[in-house]
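**Q** Chains H and W, in that order, give the protein sequences. The first sequence lines up with residues 18 to 134 when you count with the numbering used here. The second sequence lines up with residues 59 to 169 when you count with the numbering used here.
Simulated from the structure, these hints should not be mistaken for lab results. The model shown is predicted, which means the values in this text are computed figures rather than measured ones. Heads up, the beta-carbon is just placed ideally off N, CA and C, and yes, glycines get one too.
List time: in silico DSSO-like cross-link candidates among lysine-lysine, alpha-carbon distance up to 30 Å:
(1) H:LYS37 to W:LYS156
(2) W:LYS168 to W:LYS103
(3) H:LYS81 to W:LYS103
(4) W:LYS60 to W:LYS100
(5) W:LYS100 to W:LYS156
(6) H:LYS81 to W:LYS100
(7) H:LYS37 to H:LYS81
(8) H:LYS31 to W:LYS100
(9) W:LYS149 to H:LYS83
(10) H:LYS58 to W:LYS168
(11) H:LYS72 to H:LYS37
(12) H:LYS83 to W:LYS60
(13) H:LYS58 to W:LYS137
(14) H:LYS58 to H:LYS83
(15) W:LYS100 to W:LYS149
(16) H:LYS58 to W:LYS156
(17) H:LYS58 to W:LYS60
(18) H:LYS72 to H:LYS83
(19) H:LYS72 to W:LYS156
(20) H:LYS31 to H:LYS72
(21) H:LYS58 to H:LYS31
(22) W:LYS149 to H:LYS72
(23) W:LYS100 to H:LYS72
Here chain W is said to cover these stretches of chain H; the calculated rule only asks that three of the stretch's residues, wherever they fall, bring their Cβ under 8 Å from a Cβ of chain W:
(24) 56-62
(25) 109-117
(26) 125-134
Here is how the chains run, residue by residue.
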Amino acid sequence: GAVVSQHPSWVICKSGTSVKIECRSLDFQATTMFWYRQFPKQSLMLMATSNEGSKATYEQGVEKDKFLINHASLTLSTLTVTSAHPEDSSFYICSARAWGGSTDTQYFGPGTRLTVL
Amino acid sequence: RKEVEQDPGPFNVPEGATVAFNCTYSNSASQSFFWYRQDCRKEPKLLMSVYSSGNEDGRFTAQLNRASQYISLLIRDSKLSDSATYLCVVKHPSNTGKLIFGQGTTLQVKP
Chain H
18 GAVVSQHPSW VICKSGTSVK IECRSLDFQA TTMFWYRQFP KQSLMLMATS
68 NEGSKATYEQ GVEKDKFLIN HASLTLSTLT VTSAHPEDSS FYICSARAWG
118 GSTDTQYFGP GTRLTVL
Chain W
59 RKEVEQDPGP FNVPEGATVA FNCTYSNSAS QSFFWYRQDC RKEPKLLMSV
109 YSSGNEDGRF TAQLNRASQY ISLLIRDSKL SDSATYLCVV KHPSNTGKLI
159 FGQGTTLQVK P
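Extracted from the complex, chain W is given alone in its bound form (with noise of 0.2 Å):
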């Protein structure tokens, strides 16, 4: 089993439309969890850290559930902009910083 699992997608919605992306981890120890985004020949960058009680960055909502080893990321009123590959990423329990990332989810996003 992968350590960070996610489903490729590719997801196809059209512009206004809400989408979730889900991920699960296999590591119950893992304290730390976060949703990047990566453009296309880009590397990634930081969109949101995943807090226990969910947060809220704008049209984007990530939400954690320790119990099931889940985490999600809601996107509201998707934009052309939005299309990117977003990545779940879980930092490992020991203290070496290391960050494990999951294949990552495909968003396009059409007119």
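Excised from the complex, chain H in its bound form (with noise of 0.2 Å):
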């Protein structure tokens, strides 16, 4: 099937400094990619729709100005988590979709585990 990556798989940082993870589709074009956040115990909640040359929708609470998204090209989404907090620690999956004719699935990469100290 087709691949997916993150990057970084995990990182640590500091309390107020900003943190981007990028989503690349590496076999196929996405000219739409999603952002999940998965707090521990808890199932994968969509934050936005990426959707490449176009500004991404949010979903209803979260705040676009803390997490940018940019999707300059077809094969690369970024989500940058804007002043850290320990709250928004948690593990963050992209995924890509790639759809046309009869298709419709969604690739989804490893994850971007953050830790917020």
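Two chains, two frames, a set of hints: combine them into the complex.
**A** Rendered as structure tokens:
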């Protein structure tokens, strides 16, 4: 199946700093990517839909000025957690949508574990 | 009411047991349904899609009841390697491609 990578796989940062997470579709082009967050013992919660060449669409309750999303190419979306705080510590997972014809499938990246001290 | 609801478990079963997971969804306009498996500290991976007529993949059987807005997953002859969290997932009926995840049901298969 298609491959989606995320970088970094884990990051530890100090409170108040910003962290950038990259999501890449390695062998297909994705006009749409999704960013999820998962807290311990909870399910994945969609944060935003990232559309290539346009502004991201954020889910209710997600601050767009805190979680900056850039989808500058068909294979790369980035999520920047600005002024991170300990409550932002979580598992961030992206997915890339491959669709066309009869296909509409999401491929997930391996996730990025963020710890804010 | 949550859009997708599952019993979180955990389900603790012996090897070889048959176990069933249930899921309900709230939006009757939903058309696409899936079961994903997630191992600890890993990303979710697609286990199987769920079709109206029910479908089987080896030891796994998925069923859908649109009238009751109910989805199930049956695992026969449980293996130790089946231990994981099983996520019921519903695609949003809009054309956005958004997936809505249930809380997940944890399965622990013991020797």
